[in-house]
Structure formats: C-alpha cells, structure tokens
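Kindly generate the complete structure, drawing on both the sequences and the hints.
These protein sequences, in sequence, are chains Y, P, V and Z. In terms of this note's numbering, the first sequence opens at residue 1 and continues consecutively. In terms of this note's numbering, the second sequence opens at residue 1 and continues consecutively. In terms of this note's numbering, the third sequence opens at residue 1 and continues consecutively. In terms of this note's numbering, the fourth sequence opens at residue 1 and continues consecutively.
These are computed hints drawn from the structure, not numbers from a lab.
Repeated chains share a single entry, so a pair holds when one copy, or any two copies, can fit it.
When the alpha-carbon atoms are kept at most 27 Å apart in a straight line, the in silico DSSO-like pairs for lysine-lysine are as follows:
1) LYS77 - LYS202
2) LYS70 - LYS84
3) LYS6 - LYS317
4) LYS70 - LYS6
5) LYS27 - LYS6
6) LYS202 - LYS84
7) LYS202 - LYS70
8) LYS202 - LYS155
9) LYS84 - LYS155
10) LYS6 - LYS77
11) LYS155 - LYS317
12) LYS70 - LYS27
Bear in mind that the values here come from a model prediction, so they are computed numbers and not experimental data.
Number of protein chains: 4
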Amino acid sequence: MMVIMKSGHSQEEMDQILSRLNEIGLKGHQIVGVERTVIAVVGSIYPELADELETMDGVDSTVPISSPYKLAGRETKPEPTVVKIGDVEIGSGRTVYIAGPCAVESEEQIMETARAVREAGAQLLRGGAFKPRTSPYSFRGLGEEGLLLLEQAGKSVGMPIVTEVMSVREVDLVAQHADVLQIGTRNAQNFMLLEEAGRTGKPVLLKRGLASTIEDWVLAAEYILNTGNPNVILCERGIRTFETATRNTMDINAIALVKQISHLPLIADPSHGTGKWSLVKPVALASIVAGADGVIVEVHPNPDHALSDGAQSLNFKRFRELIEASRVIGDAIGRPLWPAAAEAAPA
Amino acid sequence: MMVIMKSGHSQEEMDQILSRLNEIGLKGHQIVGVERTVIAVVGSIYPELADELETMDGVDSTVPISSPYKLAGRETKPEPTVVKIGDVEIGSGRTVYIAGPCAVESEEQIMETARAVREAGAQLLRGGAFKPRTSPYSFRGLGEEGLLLLEQAGKSVGMPIVTEVMSVREVDLVAQHADVLQIGTRNAQNFMLLEEAGRTGKPVLLKRGLASTIEDWVLAAEYILNTGNPNVILCERGIRTFETATRNTMDINAIALVKQISHLPLIADPSHGTGKWSLVKPVALASIVAGADGVIVEVHPNPDHALSDGAQSLNFKRFRELIEASRVIGDAIGRPLWPAAAEAAPA
Amino acid sequence: MMVIMKSGHSQEEMDQILSRLNEIGLKGHQIVGVERTVIAVVGSIYPELADELETMDGVDSTVPISSPYKLAGRETKPEPTVVKIGDVEIGSGRTVYIAGPCAVESEEQIMETARAVREAGAQLLRGGAFKPRTSPYSFRGLGEEGLLLLEQAGKSVGMPIVTEVMSVREVDLVAQHADVLQIGTRNAQNFMLLEEAGRTGKPVLLKRGLASTIEDWVLAAEYILNTGNPNVILCERGIRTFETATRNTMDINAIALVKQISHLPLIADPSHGTGKWSLVKPVALASIVAGADGVIVEVHPNPDHALSDGAQSLNFKRFRELIEASRVIGDAIGRPLWPAAAEAAPA
Amino acid sequence: MMVIMKSGHSQEEMDQILSRLNEIGLKGHQIVGVERTVIAVVGSIYPELADELETMDGVDSTVPISSPYKLAGRETKPEPTVVKIGDVEIGSGRTVYIAGPCAVESEEQIMETARAVREAGAQLLRGGAFKPRTSPYSFRGLGEEGLLLLEQAGKSVGMPIVTEVMSVREVDLVAQHADVLQIGTRNAQNFMLLEEAGRTGKPVLLKRGLASTIEDWVLAAEYILNTGNPNVILCERGIRTFETATRNTMDINAIALVKQISHLPLIADPSHGTGKWSLVKPVALASIVAGADGVIVEVHPNPDHALSDGAQSLNFKRFRELIEASRVIGDAIGRPLWPAAAEAAPA
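What follows is the structure, encoded as structure tokens:
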C-alpha cells in the first residue's frame with residue numbers, strides 16, 4: 001500500500017504514521033517527491049488499514065497495490081477452472097447454452113420448453129421457481145412447486161437444471177433438487193447467501209450486481225470460494241447506467257477482462273443484459289466472441305403470454321436460430337458448441 | 001397503460017392486441033395520431049402486462065400510467081407517517097439524530113460512544129453487529145456478541161438502538177434486542193429479508209440500494225408495508241455513479257422528491273453518502289434543509305483506529321459541532337431538533 | 001403525446017389544458033382510467049410542448065410517442081445508408097478498418113504506421129492533429145503541421161484519411177485536407193460544430209458522447225443530416241459508467257440497437273471503448289459480430305513511447321493479428337473484410 | 001507517480017523501465033513488497049508518462065500522486081478567489097442570485113422578468129440567446145437579437161448580465177455585450193471554446209459537464225485560468241446517472257468537496273440539476289448550506305408558455321419565496337444574501 005501525504009504535512013504527522021505502522025508490525029518507507037511525499041507500506045496488509053490511515057492527520061489518500069483476490073485471481077491459479085455439471089463442462093473451451101423460461105408457470109409450459117431447448121441444442125435447463133420482483137404485486141413464482149416441476153422436466157429430458165435461490169432459508173431445499181444454484185443480481189452482495197450457497201458444494205452461478213464493479217463481483221465470488229467450494233460460474237448480465245433504451249448495459253469489456261484476471265468460467269446473460277428479444281442474438285454472439293464460456297438465455301413457448309420478462313424471451317424458432325449462429329461462429333473461432341444434451345443422450 | 005404501436009403496423013396486429021386485452025378483461029381505446037397509433041388500456045392492470053404486450057407483433061413499447069405504489073404514496077395517504085421509537089418520533093417535523101460507530105468493537109468503545117453521542121444530542125444509538133463487507137477478508141462484526149453489547153449500551157444511556165440485519169436467519173434474534181431493524185444497501189432488494197423484517201412489526205430503516213432508482217426504493221418499502229407493518233423509515237445513503245472523488249453520490253434531489261411523493265419519513269446518511277468525514281457536516285445540513293426528517297451518522301472515539309469505515313466517521317468533537325450547526329439551521333427553518341435523549345431523561 | 005394527469009386533478013385544470021391545446025392547433029382526447037386520466041394529444045407536436053404542459057396545474061407528466069428522428073430513423077428510410085470514401089464503402093455489408101496513431105507525432109511515425117496498417121489490411125488511415133486533452137498540460141497535437149503530415153502519408157500509401165476537427169474555426173482547414181471529419185466525444189453535442197462540419201458535405205464520423213443516450217447521439221446526427229449532408233458514420237466508443245477497471249464501458253447493446261433503429265452506418269472504437277490494448281481484439285471482434293460496419297483502432301509503432309493514449313494502442317504485430325481474426329469471423333458471418341487498400345492498389 | 005509491477009515480472013522488464021525513466025530524466029526507486037513490487041518515480045512528471053509506462057512489459061498499472069491542478073487548487077492558492085461583476089462579488093461569503101428565463105423570447109418577456117427578479121432580490125440577470133438543444137427541431141434561441149434584448153434589459157434595470165456562448169465564432173460578439181460568459185454543460189470540455197472565452201478576460205461561468213468527474217471539471221477551469229484570466233466561476237448543475245425521476249442528479253457532495261480543494265467560487269444550478277420546479281427551492285437551499293456561493297435559477301413570467309425548459313422554471317411568486325427562504329437560512333449560517341440590485345441602486 002502507498003500512503004500519499006498532503007502537501008505541507010508536518011514532520012510530527014509523518015512520525016505518528018510511521019510509529020502507527022510500526023505498532024501493527026508493518027514497515028514504512030518514506031519517498032520524497034518533487035511535489036508530494038509518499039510512504040510505501042510493506043508487510044502483511046489487512047483490508048481495514050486504508051481506512052485507518054486515511055483518517056490520520058497529514059494523509060491525503062492511500063493506494064492499494066496487491067490484488068484483492070486470494071482465490072479467484074489468475075495470479076493464484078493461472079489455469080482455467082472447469083466446472084462440471086453432470087456430463088457438461090463449463091470453462092472447457094467449448095460453448096455451453098443454458099436455456100428455459102424466466103419463470104416456471106405450469107407443467108405443460110416447462111415440459112414443452114425443456115423438450116424444445118434440448119432439441120435445439122441447449123445443454124442445461126433453467127427456470128425460476130422463486131422470483132425476485134421489483135414490485136411485491138408482480139408474479140413471484142410458484143415456489144417449491146415450481147422447483148419440483150423444473151426438476152421433473154430436467155429428469156424427463158436428461159438435462160441438469162439451474163434455478164435461483166433467494167434466501168438462506170431456501171438453500172437446502174433448492175440444493176436438494178437443483179444441479180446449479182443461481183444467485184441473482186439483487187443478491188449479488190448478499191454475503192450470507194453467498195456463503196450458504198457455497199457450503200452446499202454445488203456449482204453456483206453468480207450474477208453480477210446491477211451496480212457491482214468488476215472488483216465487487218469477483219470479491220463476491222471469493223465469499224463462495226472461501227467456503228471451500230471451487231465451482232463458481234460468473235455471469236455478466238448487464239449493469240445499470242444512464243442509458244434507458246435498453247434495460248441494462250451489457251458490459252462486453254467485463255467479459256474480456258474477467259477472463260484475463262480470473263480463472264473462473266464466465267457466461268453471458270443477454271436476455272437481462274439487453275431486455276429486448278431482438279437484441280439477444282447479436283449480443284449473445286458478441287459475448288461468445290469476447291470470451292464467454294457460455295450463454296444463459298430466456299426461452300418461452302409464447303413470450304407474449306409469459307408471466308415474467310416476456311419482452312426479453314425468445315420463442316423456440318428464434319432460439320434455434322441463435323444456436324445455429326453460435327455454432328457457425330464457435331466453429332470459426334475454435335470454441336465449438338459443447339455436444340447438445342440431445343446428441344449426448346438421444347431421447 | 002398506453003401501448004405505442006410501431007409505425008406501419010398491420011390491422012391484423014392491432015386486432016390481435018385488442019382481442020388479447022379483451023381476453024384478460026381490459027378495454028383498449030385506439031387513438032390514431034399523425035405519426036403513430038396508440039392504444040389506451042383501461043381496467044385493472046397487473047404488473048406483467050407491459051412485458052406481455054411488448055412481445056406482441058406491431059407493438060413498439062408500452063408506457064405505465066398509474067402510480068406503482070399502493071401503500072407508500074401520498075395519493076393513498078396524503079398526511080405524513082410518523083414512526084415512534086420509544087419516546088422519539090421520526091417524521092414529526094423535528095429533526096432526529098441517530099449516531100454511533102460503524103461496527104461495535106468492544107464494550108468500552110460502544111459505551112464511550114453511547115455516552116458521547118447522547119451528551120451531544122443524539123436521540124438514537126446505532127452500531128453494527130453483523131457487517132456486510134465487500135471482501136470476505138475484512139472485519140465482519142462481532143455478531144451476536146456485538147448485538148448484546150449494543151443493547152446494553154443503549155439501555156445504560158437510555159437510548160433506543162438501531163442495527164443492521166443481514167439475513168432472514170438473524171431477523172428474530174435482532175428483533176429481540178434492537179428497537180429498529182436496519183436493511184443495508186446491499187440487501188435493499190433482498191425481498192425475502194424485507195418481508196421477514198416487516199413481519200416483526202418493528203420499525204424498519206430501509207437504505208436505498210446502490211443502484212436503486214427512487215421507484216425501486218419505494219417499491220422495496222411496499223414489500224414491508226404489505227406485511228401490515230407501517231413503520232418504515234427510508235434512508236438516502238448515496239448512489240453509485242461515475243464520480244470517484246467521493247465514495248457515493250448523495251442524491252439530494254431524491255430527498256426532496258421522495259418527501260413529495262411518499263408519506264414515509266426519510267433520513268439521510270451522509271457518512272456513506274460521501275465516504276469522507278470532512279463532507280459529513282455540509283451534506284448532513286444540506287439534507288435537513290432539503291427535507292430529511294433526520295440524520296444517521298457514524299461516530300467513533302478514534303476514527304483512525306476504527307475496524308470499519310474510519311475514513312467517514314466523525315470523532316466526538318466533530319459530532320458535537322454537527323449537532324450544534326443542525327440546531328441553528330433547524331431553528332431557522334422551523335424544523336428544530338427533537339429533544340435530546342440527554343434532556344428527555346437526564347442521567 | 002400523452003399527458004398524464006395527477007390523481008385528484010380538478011375539472012378546471014383539465015379544461016385549461018384542453019383549451020391550451022386548442023389554442024395551439026392540437027386536439028386532446030380525454031381517457032378516463034381506473035386510477036388516472038390521460039389526454040392523448042393528436043396533431044403536429046413540437047419539441048417544446050412537453051415542457052409547456054408539464055408546468056400546467058394538474059399535470060403529472062407527459063410521454064412522447066412519435067419517434068424524435070426525422071432523417072436518421074429507419075421509419076423514414078428503411079434501407080441502409082452506404083457512405084463512400086474514395087473507393088471504400090462503409091455500411092455495405094463488408095467490414096472496414098480505420099487505423100493509425102492517436103496523434104501524429106512526426107513524419108517518420110505517421111509514414112511508418114501508414115505503411116504498416118495498409119500492409120496489414122486497413123482501408124483508411126487515422127491520426128490526430130488537433131487533440132482534445134482533459135488537462136491543458138498534456139500534448140495537444142501538432143495542429144496544422146500534423147494535418148499536412150497525415151495528408152501526405154495518406155497520399156503516399158493511397159489511403160483516405162480521417163482526422164478530428166475540434167472547433168468551427170478549423171472546419172474549413174480540416175475539410176481541405178481530410179477525407180472524413182471526425183467529431184470527438186467531448187464535442188458530440190457541440191451543435192454548431194456539427195452543423196459546420198455537415199455543411200462541408202464531407203463524410204462526418206460522429207462519436208457518441210461520454211454521457212449521450214442513444215437518443216442524444218442519433219439526434220446529434222440529425223444536426224448533420226439536417227444540413228443536407230447524408231454522409232454520417234456513427235461511432236460507438238464507450239460510455240461513462242461507475243466501472244473503473246476499464247476506461248469506458250463499450251455499449252455493445254447500442255451497436256445492435258442503433259443498427260435496428262437507424263439506417264446510418266456504425267463503426268466501433270474499441271481503443272477508447274476499453275482503454276486497454278489487451279481488450280481491443282476481443283471487443284473489436286464482438287462489435288463486428290453485434291453489427292458494426294467497421295472498426296477504428298489506434299496503432300502505433302512503439303506504444304510505450306506514444307505521446308498520447310499509448311496504453312490503448314496496438315503495435316503492428318497485434319494489429320495484424322486483429323485483422324486476421326476479423327477476416328475469419330467476417331467470413332463466417334457473411335460480412336467479409338472490404339478489400340484492403342494494399343490489394344485494391346498494390347504499391 | 002508509482003508504477004505497480006505485475007506479480008512475476010522479470011528482472012529484465014524492471015531494468016528496461018528503470019532505464020526508460022533514466023532516459024527521460026526521472027529517478028525510479030524500487031520497493032519490494034510482500035506480494036508486489038512498485039517503483040516510485042521522482043522528478044518532473046509529464047501527463048503522458050502514465051500511458052507510456054502502462055504499455056511496457058511487466059507493468060500492471062500506474063498511480064498518480066501529485067495534484068493535477070496547477071492553478072485551480074488550494075495548494076497553490078489557499079485563500080478564496082472573489083470574482084467581481086460590476087458591484088457584485090461572487091465568492092465573498094455572501095450569497096448571490098443569478099436569475100432570468102432559460103431563453104430570451106421577446107422584449108416584453110425579458111423586461112418583465114428583469115424587473116421581477118430585480119425586485120425579488122437577484123443581483124444578476126441571466127437569459128439564453130444562443131441555445132444548445134438536443135434536437136435540431138427545438139427552439140434554438142433568438143441569437144444576436146436575443147443578446148441585444150438581454151443587454152438592454154440588464155442596462156434598464158441596472159443588472160449585469162450572464163449568457164451562454166456556444167462556439168468560438170460568437171465569443172467576441174457575446175463578450176462585447178455580456179458581463180459574464182457562460183459555458184454550457186455540453187461544451188464543458190470544448191477546450192478551444194474554454195481558451196477563447198478565457199482570453200476575453202471577462203468572468204467565465206463554467207458549468208460542469210454531464211459526465212465530467214470533479215477532476216475533469218476543475219481541469220477544464222485550468223484551461224481558462226491558463227490564459228491568464230483568473231475570473232472563473234464553477235457551476236454544479238447535476239450529472240447524468242441512472243436515476244430518471246429527476247432530469248439530472250444534483251451532486252451536493254461535489255459542492256462541498258470542490259470548495260475544499262479549489263479556491264474558485266462555485267454556484268449551484270438547481271433548475272437543471274433537478275429539472276422540476278417543485279424541487280428547485282429545497283435543492284437551492286441545500287446547495288447554499290453545502291457551501292455554494294450563489295445560485296443560478298430559471299425564472300419565467302409564464303412557465304407553461306416558455307419556449308424552453310418551462311418545466312423547471314419558477315414563476316415570479318415562487319422566485320420571491322425562494323429568495324425569502326434563502327435570506328433566512330443565509331442569515332442563520334452567516335452567509336447572508338449580497339445586497340439586491342434593487343437595494344444597491346433603487347430604481
């Protein structure tokens with residue numbers, strides 16, 4: 001850490017800082033510049049130190065130097081992490097598709113969708129049972145019933161399932177039935193939930209928070225990794241910016257950058273990232289090209305009758321076109337699609 | 001709701017929409033403009049309708065018209081809500097101060113702070129026992145032990161206490177010991193926690209999310225109100241923007257606007273809103289003038305030895321100066337300070 | 001336009017609005033909903049109307065309905081605009097590369113770069129002569145001398161040139177020597193400059209403003225189109241958000257969306273969009289896949305000795321790799337590279 | 001400047017950096033930490049250095065240390081700058097009001113407004129002659145005619161006038177007639193305009209850009225100061241954020257912070273900062289309390305007939321109430337109103 005002193009600080013202020021550093025077992029090297037003096041702090045620095053030093057007289061600011069990640073960074077583990085879900089691998093260099101409705105609405109709807117996305121080439125089935133909604137007056141999912149319908153649909157078509165868990169209270173229930181626990185954007189810094197989900201040992205799909213910086217997001221992954229569970233899949237789903245023409249702003253830079261700084265697999269969610277079905281295809285393909293290991297996408301038999309997020313859902317035909325286009329691009333860039341569930345185990 | 005049609009939509013598309021509206025018991029009035037045609041939808045509209053209609057062919061977009069708030073809005077209840085905590089009222093037209101350390105660190109620290117903020121003029125004592133931290137490697141609070149120390153300090157000086165609850169699992173525990181349950185910015189849309197906190201019937205201090213629009217924030221309050229608990233106190237604590245010179249951007253507009261659209265009391269948190277102790281005083285005073293019913297502020301005996309958020313904490317002397325300045329301004333604008341705990345019940 | 005009335009408005013307020021609409025030659029249709037009343041305004045609406053009506057008593061807000069674009073929208077002109085610069089076409093369905101140094105520094109530097117980017121496959125040469133810099137103490141370009149060096153380099157290798165014009169004063173000078181006038185992000189709403197550049201009749205490359213919504217940006221293009229100059233090339237170069245790990249946030253959604261709503265050609269600037277050379281390649285490729293008609297990229301012989309924006313510049317080798325990867329992807333998706341300057345007219 | 005090395009950099013990479021620093025006359029001190037190595041660079045650092053070093057192999061990032069401001073910072077000039085306009089002083093410790101219509105529309109309108117704001121207690125008269133508008137189809141001001149009407153109105157009531165200049169071409173014209181040149185938010189980084197306005201020697205009112213950080217904004221002031229013109233008045237007018245309930249987000253933190261880091265006077269523009277007349281009063285008062293030296297506010301005889309920005313304009317009665325409330329608060333906090341034009345020179 002570097003401590004940047006105010007111009008015109010006193011010798012006494014400097015001495016107090018050096019003695020405080022000494023008191024906590026760190027070493028401070030003073031460097032006198034043309035305009036400012038800085039102190040380079042060497043030793044085992046703890047996260048609170050910046051705050052402590054910034055309140056001391058004479059200090060202008062502090063600058064961290066070491067990476068904040070102990071487990072998620074490439075510095076610790078250069079080779080990519082591959083997360084296995086059944087026979088499917090995420091992060092292996094082949095592109096994976098997770099598809100299904102925003103919310104499970106009925107047995108018929110989820111079964112029909114499961115068959116369609118499997119046929120089209122998806123590897124995993126998604127569907128919401130517990131739905132976080134901005135308004136308490138919106139449809140909030142079928143709850144446990146939805147979870148069981150999703151499980152049954154997955155088993156019936158031979159696809160592992162991904163579903164969201166909204167609070168520590170449901171973690172055990174969801175972990176009993178789902179293959180991957182999804183943490184939603186509004187819980188992206190619900191640290192107790194992160195830890196509880198981590199402790200199940202199941203793969204965790206961690207969405208980026210609406211206002212999470214890349215650093216916040218990867219640190220949230222640290223909470224899960226820190227429980228001893230290495231199976232974290234990051235998911236870029238757009239951030240909140242001033243632009244209102246799209247629901248969120250898909251951060252394509254983040255996809256490319258996170259793949260450079262972290263070994264964790266990363267997937268893209270163009271449905272939430274754009275909020276418009278007409279943008280899902282171009283943004284999904286762009287995400288793959290930028291480095292995403294897979295795509296999670298909302299698919300619904302009748303998007304105009306969906307109980308949730310219809311405007312961003314693909315119908316079956318559009319989903320097949322997306323998979324087809326992904327296959328072409330994936331082959332061209334050497335990141336082909338993972339074998340479809342339908343191929344792996346023909347019905 | 002207004003449905004705005006694409007220019008060049010077909011009559012068939014229009015008919016399908018009108019028949020869909022009919023199917024769900026709504027009436028659609030077609031209005032042909034010079035450039036566009038719109039459909040005014042009349043009837044009992046449910047939140048999902050916009051999504052449904054936006055996926056239909058020929059539709060460009062939809063525009064909501066009615067207020068999304070059923071319980072929090074002035075339209076429903078024009079007169080201000082006053083939340084009572086012991087003898088203190090928030091929202092009564094008098095300014096209230098909630099003060100204390102970011103985190104409870106030890107009996108000595110919380111007792112010393114409790115006495116100091118009481119003497120200075122605060123009415124409620126705050127302190128974190130369960131602390132959400134961006135990094136899992138930061139100090140995360142003393143947990144239940146911290147909660148008990150805070151309760152004891154509050155009782156000892158005769159001040160009600162405010163503390164954060166981080167997950168549904170701790171709601172009962174915290175509700176047993178605290179007078180006000182605080183929901184933090186990272187849980188501002190943790191809907192299960194909102195409902196669980198609401199069900200205790202205790203006053204809930206609801207911080208605005210880092211990326212919550214005013215509408216998101218007031219809808220989060222609806223989750224609590226919808227449990228039958230009217231005791232919600234909103235708290236503006238800054239939003240995340242591109243500006244990095246301050247930790248967050250205090251949204252002074254939101255303070256003034258929310259007081260116009262909602263009857264709920266609102267307090268300001270200039271400590272988190274600015275992240276710098278030197279800005280706490282001017283921004284606290286500005287918030288009062290803009291309409292805040294109170295201020296929550298971090299105070300620590302030795303900010304430079306604080307285990308959390310030292311850089312934004314006031315020491316005792318600066319807190320006394322803040323209260324003094326608030327008294328002068330409060331008297332000038334006809335919103336005087338609520339009688340201090342110290343006055344109400346001299347030790 | 002829809003005028004949304006406050007709940008509880010009076011009949012008198014309604015009458016005043018209807019009579020005001022009458023006064024200015026518009027018709028107002030009153031629609032009484034369950035919660036709110038709205039007025040649908042039909043007729044030739046002018047931009048100021050919203051502001052006028054929003055100040056009238058009883059009005060809650062207004063909602064525009066017609067598209068704000070008269071010239072740039074697909075509604076007016078469904079087929080794509082192709083801008084010709086010498087023999088090169090932008091918007092034709094083939095991908096174009098504009099490459100060169102951020103700033104022209106010397107004859108040797110620009111000549112060496114021109115030869116290298118031509119050889120690698122670029123079609124146009126870029127280089128800054130007049131440089132907008134955040135600090136007045138940074139290198140601000142060679143001015144007219146740089147412009148002449150750039151022109152000479154372009155002629156020598158047979159490539160049209162693109163360069164920025166910073167004020168109305170330099171428009172004539174730059175238009176005399178350059179093939180395309182670039183409007184930078186900080187001048188994206190410098191309306192006088194937009195019009196003056198438009199009046200030259202030369203193609204104008206219009207960067208999106210740091211804080212421009214998509215609507216702001218396309219309306220800025222209207223200023224140019226409105227001068228009778230149809231040769232506008234839009235350029236997405238990242239917007240300012242809360243994320244600081246990258247210099248800007250490349251708005252990949254905007255690339256896909258603008259291609260849907262506007263007929264104008266659009267190119268991507270991954271150098272400024274990311275601020276990091278290591279992200280330029282993935283984000284350039286993603287932009288092409290999302291729909292961009294071309295890419296503008298900073299290339300420098302020795303990025304670590306560049307007088308401006310070195311950190312985001314590619315060296316020659318990395319630029320060749322980028323072109324190679326673009327060729328592979330372009331061929332796969334049916335949007336091949338435009339023939340390179342080198343092929344079109346071998347030296 | 002500090003250069004932070006990648007973990008695992010080679011000795012050769014370190015040597016190259018040190019020799020590069022040597023080559024340009026700087027000294028590099030190597031500091032080996034537990035996780036990372038940094039180089040402290042001492043000497044006369046130029047703005048481009050960061051970019052140069054960040055492209056060198058082995059470098060992770062760089063961190064600036066000295067203040068970027070040479071002229072605007074308190075480090076250079078601790079005492080506040082007072083800008084004199086006629087008999088009025090801005091930055092003197094007394095609050096100043098600048099009021100008038102968004103756009104000059106007619107002789108009658110500007111004369112009526114001038115008389116009203118003078119009577120109410122304003123010291124300066126504002127009015128737009130050249131208007132930057134997002135759409136080319138909006139009313140763009142009366143141009144030179146508006147400027148002359150404004151000048152005549154100012155003379156007639158004895159108030160100095162403030163008006164916007166939109167391009168270098170109009171600087172001389174506007175400087176001939178106006179007492180203060182205003183630079184609008186969309187030209188906040190139009191560096192040629194900043195310098196040209198600076199060279200007139202007239203006071204310049206510099207609005208913050210929609211997406212300008214505090215550092216960008218104060219550096220823009222450096223462009224003006226650097227021409228030898230010390231008469232810069234900063235103006236906070238809200239920044240663009242994700243919040244859409246208000247037109248912009250007034251950055252109250254910035255008001256308090258800029259007064260701490262810079263000696264320049266600063267005024268607040270609550271009309272643009274909020275976009276709603278009902279928020280103008282609370283936010284104006286909050287800005288004064290946070291440290292603003294004055295307020296610029298839009299006042300119009302009939303806001304609902306205004307040709308521009310009616311929704312955020314006060315009528316005469318509301319402006320008088322604002323001045324009255326400002327007087328009460330100003331007196332309470334020891335920053336009374338500057339004597340009104342009406343008092344100074346009774347008509």
